[in-house]
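Peer 1: The chain contents come next:
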Amino acid sequence: DTGVSQNPRHKITKRGQNVTFRCDPISEHNRLYWYRQTLGQGPEFLTYFQNEAQLEKSRLLSDRFSAERPKGSFSTLEIQRTEQGDSAMYLCASSLLQVSTDTQYFGPGTRLTVL
Amino acid sequence: GENVEQHPSTLSVQEGDSAVIKCTYSDSASNYFPWYKQELGKRPQLIIDIRSNVGEKKDQRIAVTLNKTAKHFSLHITETQPEDSAVYFCAARDAGNMLTFGGGTRLMVKP
Chain A
2 DTGVSQNPRH KITKRGQNVT FRCDPISEHN RLYWYRQTLG QGPEFLTYFQ
52 NEAQLEKSRL LSDRFSAERP KGSFSTLEIQ RTEQGDSAMY LCASSLLQVS
102 TDTQYFGPGT RLTVL
Chain B
6 GENVEQHPST LSVQEGDSAV IKCTYSDSAS NYFPWYKQEL GKRPQLIIDI
56 RSNVGEKKDQ RIAVTLNKTA KHFSLHITET QPEDSAVYFC AARDAGNMLT
106 FGGGTRLMVK P
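Residue numbers (my numbering), protein chains in the order written: chain A, 2 to 116; chain B, 6 to 116.
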């Protein structure tokens, strides 16, 4: 499978615990995006990377959230001191920035449940 | 920032009929408008997109139109089939390369 992959697919945790998700983009895609999606809503932008540089962060991204893309390939999203309101699907997308196109392809998501 | 409104939130059609979903956006600098289809429990999948220098784009039974002056764009699906049933999201990309999604339209195609 050469598409975007995410691990784990499901995560159940207790309030206050830390969780980390991983995203592997399509090979050679230089941009990687994180979104959060709650039931019945569209994906909400969290942050994105171009290569290893984090270029934009949403106001939604509190200081409990941190994302990295250390070598410009895979990325991790960590949530510290989880809260019940963090329960959502966390989607990753990647794209190849070219002159006229920047289509984003989504991964299957990680569903987080905070008890 | 960008704000995208999508209507209707649910749409039920008979198989073979057409379906139209409409979106408006607020940021006149937005230049790229993709549409994604998301089936239950699956990832969003791009079905068609349009750039701000084009007014209309068609791909088999799917077409998208863009009115930059009015800041709205629409998805048209003709000859709907039961497998078209899903949630459809429009999105707008602003000058900062952020995609803002609409709230989604649940399309149900009745056989």
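The set of hints was computed from the structure by calculation and includes no laboratory data. Accuracy of the hints is not assured; some may be wrong.
Unchecked claim - Below, computed lysine to aspartate or glutamate pairings styled on EDC-like, alpha-carbon distance capped at 20 Å:
(1) A:K58 / B:D64
(2) B:K62 / A:E45
(3) B:K47 / A:E69
(4) B:K42 / B:D64
(5) A:K58 / B:D22
(6) B:K42 / A:E84
(7) B:K42 / A:D103
(8) B:K63 / B:E7
(9) A:K58 / B:E7
(10) B:K47 / A:D25
Said to hold, decoys possible - Okay, the calculated beta carbon distance ranges per label pair:
(11) B:S57 / A:S63: 26 to 36 Å
(12) B:T74 / A:R16: 45 to 55 Å
(13) A:Q81 / B:E88: 12 to 22 Å
(14) A:G4 / B:K62: 22 to 32 Å
Where a beta carbon is used, it is the ideal one built from N, C-alpha and C, also for glycine.
Peer 1: Check each numbered hint against the structure and report the violated ones by number, ascending.
Peer 2: Numbers 1, 2, 3, 5, 6, 8 and 13, in rising order.
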